[in-house]
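**Q** Protein chains in written order, with my numbering: chain A, 51 to 429; chain B, 41 to 684.
Hints are computed from structural coordinates only; laboratory data are not their basis.
List of simulated lysine-lysine pairs, DSS-like, C-alpha gap at most 27 angstroms: (1) Lys-603/B x Lys-132/A; (2) Lys-651/B x Lys-383/A; (3) Lys-651/B x Lys-389/A; (4) Lys-132/A x Lys-480/B; (5) Lys-132/A x Lys-592/B; (6) Lys-140/A x Lys-592/B; (7) Lys-140/A x Lys-603/B; (8) Lys-472/B x Lys-132/A; (9) Lys-389/A x Lys-402/A; (10) Lys-402/A x Lys-383/A.
Please read these numbers as outputs of a predicted model, since none were measured by experiment.
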Amino acid sequence: MLERTNRVRRAAATAAVALAVVVLAGCGDKTGPNNKQNALRPAGPYAHQILNLFTPFFWVAVVIGVGVVGATIYVALRFREKPGEERAVKQTHGNVALEIGWTIIPALILMVMAVPTVATIFSLAKRPTGPNVVHVTVSARQWWWQFTYDDTHIVTANELHIPVGQPVSLTLVGPPPCNSPGCYNNGVIHSFWVPELNGKKDVVPGRTQFLKLKADRPGTFLGQCAEYCGLSHANMRLRVIAQTPADYQAWVQRQLQPLSAAALAQFSKYNQAWTCLACHSDDPKTPGAIAPNLTHVADRCMFAGDIFPTDESHLTDWIYNAPSMKPMQENPKNPLQPKVGMPNFSSVGMTKAQANEIAKFLLSNTATTDQQPPVECRS
Amino acid sequence: MTTVEDAHALVKAPPLRTRLTQRPRTTTGPFSWITTVDHKKIAIMYGALALFFFLVGGIEALFIRLQLAQPNGTILSAARYNEFFTMHGTTMVFLMGMPLAAAFGNYLVPLMIGARDVAFPRLNMLGFWIFAFGGIFIYSSFGLGGAPNGGWFGYAPLTSTPMSAGLLPGRGVDFWCVGLIMLGIGSVATSVNFLVTILNMRAPGMTMMRMPVFVWMMLVIAFLTLFAMPPVTAALIMVFMDRNFHTNFFNAAAGGDPLVYQNLFWIFGHPEVYILILPGMGIVSEILPVFSRKPLFGYSIVVFSGIAIGFLGWGVWAHHMFASGLGPIAVSAFGLSTMLIAIPTGVKIFNWLGTVWGGAVRLRTPMLFALGFIAQFTIGGLSGVMHSIVPSDTQQTDTYFVVAHFHYVLFGGLVFAIFGGFYYWWPKFFGKMLNEQMGKLNFWLLVIGFNLTFFPMHFLGFEGQPRRTYTYPSGMGWDTMNLLATIGAFIIALGVLVFLVNVIFTARRGEPAPADPWDARTLEWSIPSPPPEYNFATVPIVTHLDDYWHRKYTEDDEGRLVKLPAGAAIDTDAATEAAVDPHSIHMPSPSYWPLVFAMALPIIGYGFVFKNWYLLALGVVWGFFGLNGWAYEPATEPDAGEGH
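Using the sequences and the accompanying hints, generate a full structural model.
**A** Here it is, written out as C-alpha cells:
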C-alpha cells in the first residue's frame, strides 16, 4: 500500500521534472544567435504595445493554470482511498454559493481583460498620419514579396528598408488582377508578419489591407509568410532592415539609380536568349510582370523569398535550375512557362557557364562601393 | 421477429419471396457484422475503424515530427509534407474524433437511457458505412493523383483555383471536398438518430434532468452537428465548383470573395471544436463521480454549461480570422464573445474538482486519464482565452502556439478522455478488464510524451515559428525545442503501442469482467458485461439521477454514504432475467440496404472527381436502387422469428 503511494509519487515527480526541463529548454533557447523573429523581443512601439497587453494576462493565466493543475494533483493524492478502506463519503451534490462564485470571478477577470484589449485593437488599427510616414505597398506572391515605395516608386523584393523612428504604413495587396477570361492568377492568401515590429495581417486577393510598422532601433528583423500558401510556403521569408534616417536616405538614392547604358545593353542581350524581362524588370521603378525587380538584386542580402544568400554560386545555381533549389510548380509541357515560379533553364539548353555569366553580371550591378555582401546583411 | 434464440441460428424456412435479395438473418459470425443494426456492434465497428485512422493520422504526425526534428529536414519533400499535415488534421478531426464520439455514443446512449436500441437502427448503420467509405475514398487519393494538400481548413482561393492553374499540385483537393461532403451526410444521419433516440426513447422516469452528463453532451453535439454541417457543405460545394466548373465564388479577379469561404468554414469549424470536445467532457463527467464515490458536483450547472458552450460556440467563429482584416469593430466583438466561452468552461473544471474533493478517490487507470484531462484541458483552455486578446492573437495565430493550444484541448483533453473511456467501459464492451499495470504505463507514457511534444510549441510560437512549414532554417533558436517535440512524439507513439498490446493481451488473457466492476452509478452497469443484444430484459423504471447507484446505496442523515443491504433494492441482473422471457423481446432485423446505398456515394464521388459522367450516373442509379430497397423493407421483419 505504501509502495503504491510511492510509485505514484515517483511517477508524478518524473512528470514534474520532465515538464521543468521542457520549460527551461524553452527559456534557454530564446538566446539563439540569429533569432530576429521573436514576438517576445519587440523592437518597435506596436509590437511593444502587444507584448505589454499580453504579459499581465499571461501571468494571470500561468497562476490559474498552476493553481488548477496543482489542485488536480492535490485532490487526487489528498483524497486517495487506501486499498481495503471503505470510507463513508459525504455525498455533496453541489454548492450554489461556490458555483455562483466561480462563475462570477472568471467573468470579472475577463471584464478587466476586455477593456485594454479593445483599446489596443483600436489603437493598432489607427493609420499613422503626418509628413514622416513612409507608405509602402506590399504585394504578396507565390512565394516572395514585392515592396513598392509609394513616394519614390522604388520597387524591390523580400527586403524592406525602413527609417528608424518613423511610422511605416503598409498597404497589403495581392498580385494585380488579370483581366482575360479564365484568368485565375490573382494569387492566394498570404500573411505578412514581422513579429518584432507588429502582429500579422493577411494579404487577401481582391482586398486592400492595412498594417503599420515602426522600429525604435536600427537592425534586421526577420519575418515570413504566416498563412499557408502552397508548396513553398516555408520558403516565403522576408527581412525588414531598419536604418538611421540618413542611412535610409542613402539607400533610397542608390535604389533610384537606373542601370548604366552598357548594363542595359548587356541585359537585353540575355533577354533575347532567355526572355528574362518577360517576368523580371531592369528598371528601378518598374515592377516585373510576375517576378522580382532585378535592377538592384546585388544589393539585397538574400534572394528567392529571402532564402539564399546573394552570392555567385547560389545565383548561378538558381539561374541554371531554380526548381531544384526551391520547390515550385513546374510545367512539364512547357518548361519556360511554369505554373508557379522560375523556369528550369537547364532544361531548355542553358549551360552552367552561361548561368554563371548572368550571375556575375547581376552581381556587378551594385550601387554600393562596399564589397559584397552589403554592410547591413552582416548586422 | 428476431429473437434471442435466433441469435445462434439461421431461421429455418425462409418464406417464398419475389424479391431480388433475401434479407440477411444471421446475428453471429463475421457476416452478421456487415448487416448488423445492433447499436453495440455498430459502435464497435466505429471504434475499431476510428482507432485505425487514429494510428494512420499518428504515423503522419510522426513523419511530420521527423521532418522538423532538425532545421532543413529532408525526410519528406515539400509536396509530401503538405499532404501529410493536411491529412493528419483531416484524419484526426473527421476520421478519428467524430467517429469515436459516434462509437461511444452508439454503445452507451441506449444503455444509459434504458433503451433497447437507437431510434433508427438502419440509419445508424448507414452512418457507419458512409464513414467507412468516406475515409477509404479520401485515402484512395494517395494512389489516384495526389492526396489533399490544402490544409484541413482548405482556404480558398488556394484550394478553389482550378487544378490547371497549378497553384496547388494534384487533384487531392477534389477528393477532400467530395470526401468531406460525404462524411457530412453520414454525420448528419448519425446526429438525427441520436437526437430522436435521446428525446424519444428514454426509459420511464428517465427525465431530461436524470440523464447522465455523457448523454446530455451527445444531445448537444447532435444539435451542433446538425447545424454546423450545412455551411461547410455549401463552402465545399463552392470550392469544388470553382475548381471544376469555372464558377467564381472565391475568385477575386471575377468579383468573388475569399473571406466568404473563411466565414462559412469557421461557422462550421468552431462548433466542430465543441463537437469534438463535449463528448470528452461527458466521459470525464461519468468517470470522476464513480472513482470518487461521490455524485457529480452541481450536475445541473455542468449540464447547463455544456449547453451554454454549445450556444456560444456559434458566436465566436471569427476568432480564427483575427489576422484576416475584418476591422476593429468586428474583431472586438468576436474577441469579447470568445472571452465569454471561458466562463462555462471554467465552471465545468471547478465542478469536476469539486466532485473529487472530499471523495474516496480510487486512482485506477480511467481516473488517471480523467484527472489528466482536467489538468491538460485547463492549460489548453487558458491558451485559448489568450486568443481573445486580439492584438496578441495577431502574433500567435498560425504559429506553433496555436498548434500547442489545440493539441492541449484535443489531445490532452479529448484523446485522454477517450483513453479514459476505453479503460472505463472496456469491461462493458467486451466483458474483460484491460490490464491495470499496462494501463498505468500507457497513461504515464502519454502524459510525458504529450507534454514533451506540445509544451515547447507554446514557446516556438512566441519565437516566431509559423505552422504548416515543411522546413525552417538553422539559427532561428528553434532547434532544441523542435527536437524535444519530436522525441515526445515518439514517446506518445510508445504509449499508444502499450495500449494496443494491452488490447491484444486482454483479448487473450484478460480477466473476465462482472456486470459492475467499478461500483458505478449509471444504468449500463446494471446489465451483464457484455450486454445481451436486447440490452435490458425489462425496461428499467428510473427514479433518480444515477439510478443504479441508488439501488445500491443511500445516504444517512448527514449525507454520508450507506450501503443498502443486498436484496433491499431490486437486483436487476437476476430479478429481471427471471421475470421476463427474453424470447419475447422484438429487435430490429439486419439489413443490406444501408450498405448498398452507402456504396453509391463513393461511386458518385469518383464520378465527380474524375468528371466521369457514366460513373456518376451508375452511382446515382445504384443509390436509388439502395433507397428503394430500404424504403420497402420493414424495420422488423414481420415473418422473422418463431411466431409471436
